[in-house]
Amino acid sequence: MANHRDEAEKKQGLAGPRRAFLQVLAGAGAGAAAAGVGLSVLESQKAEAAEIPPPLAESSGAVLIRMQQDLERALTSGRTPSWVMVVDTRKCVGCDACTVACKAEVPTGPGGFNRRVIQKELPIGPRPYRVFKPVNCLQCDDPPCAKAVPAGMIRKRADGIVEFDSVSLAGGYALAAAKACPWGLIHIDRGATYTMNTPAPQPYETRAFEEYGRTFRRGPQNYELQDRARKCTFCAHRLERGELPACVTTCLGSAMYFGDISDRSSLVYQITQGRRIFRGHENLGVKPRVIYFEESMPGAVHVDCQACHSR
Amino acid sequence: MRKENDRPRTEQPQKTDRREMLAGALLGGAMLARFEQAQAAEAAPGSLKPVDPSQYIYTTCLQCNTGCEVKVRIQDGVAVKIEGNPYAPRPMDPHIDWNTPVADAARIHGHFCPKGQAGIQTAYDPYRITKVLKRAGRRGEGKWITIPFDQAITEIVEGGVLFPQDGGRRVEGFRDLYALKDPKLFADMGADVNRIRRRQMTVEQFKEKYRDYLNTLIDPDHPDFGPKNNQFVFNWGRLKAGRGDFFRRFVQSSFGSVNAHGHTTVCQGSIYFAGMAMSDAPSGGSWTGGSKWYWMADTANAEFIIYWGANVLEGGYGPSLKIPKIMNGLASGRLKVAVIDPRYNKLAAKAWRWLPVKPGEDAAIALAMIQWILENERYDRRYLENCNRAAATADGEPTWSNAAWLVKIGSDGRPGAFLRASEIGLGGDADTFVAWRNGRPVAFRSGDTANAAEGDLFVDTVINGIRVKSALLLLREEALRNTIHQWAAIAGVSASDIIALAQEFTSHGKRAVVEIHRGVSQHTNGFYNSLATLGALNTLIGNLDWKGGLIYGGGSYGETGGTGRPFQLGDHPAAIAPFGLDIIRGGAVYEQSTIFNGYPAKRPWYPLASDVYQEVIPSAGDAYPYPIKILMLYMGSPVYALPAGHSLIPILQDTEKIPLFIASDIVIGETSMYADYIFPDLTYLERWEFHRTHPSIPHRVSPVRQPAIASPNEVVRVYGEEMPISMEAVFLAIAERLNLPGFGPGAFAGRGDLKRPEDFYLRMVANVAYGQSSAEICPDASDEEMRIFLNARKHLPKSVFDPEKWAQIVGPQWWRKVVYVLNRGGRWQPHAQAWTGEQVTNKYGKLINLYLEKVALLRDSMTGQPLPGIATYVPVRDSLGRPLDHRGAPLQLITNRNMLQTKSRTISNYWLTDIRPENFIEISPRDAQQLGLKDGDEVYVLSASNPDAAWNLGHGQTKALRGRVRVTSTIRTGVVTFELGWGHWAYGSSPQWIDGQMILPDPRRGRGIHANAAMTVDPYIRSPLSDVVGGSAVFYDTRVYLVKA
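Chains as they are written, first to last, in this note's numbering: chain C, 1 to 311; chain Z, 1 to 1045.
Watch out, some of these pointers could steer you wrong.
What the hints assert, rightly or not - Cross-link-like lysine-lysine pairs, in silico, DSS-like; alpha carbons within 30 angstroms at most:
#1 Z:K934 x Z:K240
#2 Z:K805 x Z:K794
#3 Z:K292 x Z:K602
#4 C:K120 x Z:K240
#5 Z:K134 x Z:K805
#6 Z:K181 x Z:K209
#7 Z:K184 x Z:K207
#8 Z:K1044 x C:K120
#9 Z:K358 x C:K120
#10 Z:K934 x C:K133
#11 Z:K358 x Z:K934
#12 Z:K240 x Z:K181
Treat the hints as calculated values from the structure; they're not laboratory data.
Produce the complete structure using the sequences and hints provided.
Structure below.
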């Protein structure tokens, strides 16, 4: 069985978008790039030969409830869960609901983001391809950031979360950790608030919040995370209470999944089986725990991740 | 500790330039093994920590008009996070059972959009005003003093020389305008004004009859202007039920002004008013009863949706409500979508097809599709042949159309009224119509449930000497005015795309839908575009009320009362039915007025529309039909929101044209900056409202907006009650001063007082608790839920939340039921009940008009020409029917929504501006190349009506129409766009002086461009361009020059 995209393309007589994209690159004189892309296209076609499982038909609310049940089961099973996040990029609409949910859930200052959504346009003919890709700390199983700082400052938890010893991870260490992340997903918290230079600084910005089991309070003075490294924690403080990460529940496209991959009855285990997926920097051996689907929306213009990213 | 951490730092992976380099693999056993390995290291996890259900207050968002149900997390008395409410269909599909205990729902959060989540920053805005501001300088100068609430109320009620700096003029107050008070006189005079309109009474006779009351009229020579009370104009931006009922009670039922006007036409007015005309029913020879409403797709069940000028992944009631359903539908293969839009919007990027229509030429595509569908017989013949309810019922159809009804054709070939059976000797009354079947005429009534009537679809014949055609034939004639290729050329799209679209649209039975929004309606031809797209195309496939088809929405739970419900909010000891022309001439026929003076009228009349936002202030400026005395603006910013809103500024600054301008606002905004007084209002997180529903929600829903946090506003005393200043407090205080019936003690005609907002709104909540019938009365909140309710509100001051008082308002019988509703933030029909078999449960269920007799019998008040009664192609034109003169400007200017802003009122949301600090003038690569522009270049936007490329703000202040260019292949060549919401010059972005202190502005709030001032000012009416039929304010019919700065 061919996949949806091929079927749809055949049916509609669409020119292969990847071919068009290659032509654009070649036309722009990007010969070397095109060669690289060509190789990866071969790779991706190889991958496409595998049969893609039927799409998830449940509605978004049902998926939320199922993940909620998975989560509560994982937390009460008596075993250590193995958390993963799965992103179905086809369904991401680049709305930044997750970005804002993240800022509200775990206060970060102006310009500080634990979560972002990358948006790009690839002009490949009359119908450009629009890329929407949410990014946050990938909770690598072999985290480069941990190797960049003295032992103990960055710890790999048994459930997969990469944990910072936030207060000691300061100054040059914070910078080193941030620099070591191949994706730039660690930022330095400068301690600023959005309303600090306005007529009335607001209390919601200085409320207490929890990170890696400790409580912090932003503010002009004695903010313990000032000049510290910050990043996504998979909302570990929410998980403990049996709540899914803020970016997952809020996702309008229902593009985000979260759960315990070691549980074979979990949604994250089942939807990733046999799918064509991406994990960042496989070649670096960092083993990220954020997994991206790279299938196409049936009938829509699609460019594979490999068109731009090498393996 | 894991060993890897001890590795020397030189071993860190080599840094790469590709920050998002990714690797691909098939996830299988090997990868899983790696994850399992990772878990082996540490001990078992702790147990589940509890979640306190009383940290949430369930309420309703108002960051945009979607009105999603939310749960607000309160920490130490402060709102810190807003999540989607899982009990409700907007953020959760399917929503959980309404009877789920609140404690069990605490961990479940629905989907929720970024702007909604940032609403915390609308409430906690450093630039909020908390006390009454009175103008200290000239209007718009930015100089204010704070004054006590009571003083402000005295001044606006009693009038006087309120602004010495204006040169000693006396301002008339509310007491001066409260001229006519007796409800019976209102009723009698109103009836007689109607007689004058019908030429059954002369003005002289009226003056004689009411000679003792002529001093109460605006102009005794024009009794149809109504009483002086009408010179108080209440105009609002965003207003929903509850608050809307409260405010109308004041303005209309108690004060007696006819001038209560909303903002509908700045959004999508022409769709609403096309929908109203399409839903009219015959009654005594005329057409009435249509609702200001329209239809949308049953998103969760449709197989094919054409999103037409509807940017549903950014706006259009899309976020939270539609996006999950669309994305799931696309990913699972259930749904296919096509996008018709000059922009390659986000949905277009995921769509099956994209048709980059030339702005304003939408009807050309629709008529081409109609032509193809008719010529290829792909329409639902069985549905269209049904002429009345009986015939529809026999086919299992909830609705029927007038496609087969016969229309009389005038000697000029123009279709006019429907043929009545009585005209050809078939008897019946004024509502007995005729179809043609089996070679002879058939008489029928539309609502007849017993005698089914069907008619041939394409009829052109003469009966008893009367030339008639069937309505569908008239549509066919419109569709055949051009070939499909010619239509395609007009619309600037490919004919093969149109045919493919028509084919697909007719390949899914009743599970295909055309859904439209602003892109179709905000043109001068918006009304007819709406008829052709939403109206005609959907009617052709008979998809109305079908699962996956076109739906009307499930409505709400009669919050204001009705049979069986515990409280009737309309109860009033002396309710007034106001009369007279309103200031926008809404629902009024020019020819019937006492100021008919040939064509063109001084300003357009809108017999088919109401709430024509762009007419309120300009009509006051022209004193047409009469001068106004007090303008009160609530939660609206027409200067910012309207196209060519700059044309309103000189009128707002003119103290002769608008002698008293009162605004209710949460900040000093782009329009309230010109006010004489600004009363601080509550934000949506601090107050009540009933947001109700949208056409695309099949369930019956009554979300409640209730106070979640305390207000920063000054607490005042009205009718002896303490409350923070709000719009309600202002109305209550005026009512108290004027002793207006319908407010204060005994306001509900002996069945209760109305002394504070909760007196009104808690009674509405009780009605929601009642449900649709006594069988649906909701359970009492348990003791545990009562505890959760009280704990969740511990942070609210007594002036906002007083449980004893609240319980007293609704009484012991209803109190725990009210709590049950409030604990969940409203009430929603169970998910599965929205559909019954293959149809929606809550149906439109009646006639839909393909041919609009009422419209066909009206004349355009400007050109004097009769209006077409059927979907047709009308080119873009000015108010006098002339082509627009753009002075050679090459680029068509349009606007679009980004989910991160809602027009005038979200620039305070720093989380949003941190993600998107500014907007851009977006231009295609080809246009950019031609103009020598590249990304980031700054340009001025010039148009024929704004060659200075600037907002003229008065007092010599200007704001340049200057913005940065973004070159993108997501826009049609020849068209440029900008996202609405940025480019502010007030709302905290410019300095204001309060009590002599300068309030420092925040530059983050002034970034980007708001290019509305480049939009066409109609050359005749000197105000925003308008669809004179459907009422829409026109955003998209201007051409501009971009000039490099």
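- Query: K134 (chain Z) and K805 (chain Z): Cα distance at most 30 angstroms?
  - Reply: violated, 33 angstroms
- Item | Restraint status (C-alpha distance of K358 (chain Z) to K120 (chain C) at most 30 angstroms) | Holds - the C-alpha atoms of K120 (chain C) and K358 (chain Z) are around 25 angstroms apart, at most 30 angstroms.
- Query: Is it true that the CA of K292 (chain Z) sits at most 30 angstroms from the CA of K602 (chain Z)?
  - Reply: holds, 26 angstroms
- 30 angstroms Cα cutoff - pair K240 (chain Z), K181 (chain Z): holds, 27 angstroms
- Decide if the proposed pair is consistent with the structure: K120 (chain C) and K240 (chain Z), CA atoms, cutoff 30 angstroms inclusive. violated, 38 angstroms
- Quick one, are K1044 (chain Z) and K120 (chain C) close enough, alpha carbons at most 30 angstroms? Measuring from Cα to Cα gives roughly 26 angstroms; hence the hint holds.
- Query: Would the pair K934 (chain Z) and K240 (chain Z) pass a check requiring their Cα atoms to be no farther apart than 30 angstroms?
  - Reply: Violated, because 44 angstroms separates the two Cα atoms, which is more than 30 angstroms.
- Message: Please verify whether K805 (chain Z) and K794 (chain Z) have alpha carbons no more than 30 angstroms apart.
- Response: holds, 15 angstroms
- Compare the distance between the alpha carbons of K184 (chain Z) and K207 (chain Z) with 30 angstroms, and conclude whether the hinted pair is satisfied. holds, 17 angstroms
- Pairwise hint evaluation, K209 (chain Z) against K181 (chain Z), where the allowed Cα distance is 30 angstroms at most: Roughly 18 angstroms between the alpha carbons, so the hint for K181 (chain Z) and K209 (chain Z) holds.
- Proposed proximity, K133 (chain C) with K934 (chain Z) (alpha carbon, max 30 angstroms): holds, 26 angstroms
- Task: Take a quick look at whether K358 (chain Z) and K934 (chain Z) sit within 30 angstroms of each other, Cα to Cα.
- Result: holds, 24 angstroms
The structure is inconsistent with the numbered hints 1, 4 and 5, although it conforms to all the rest.
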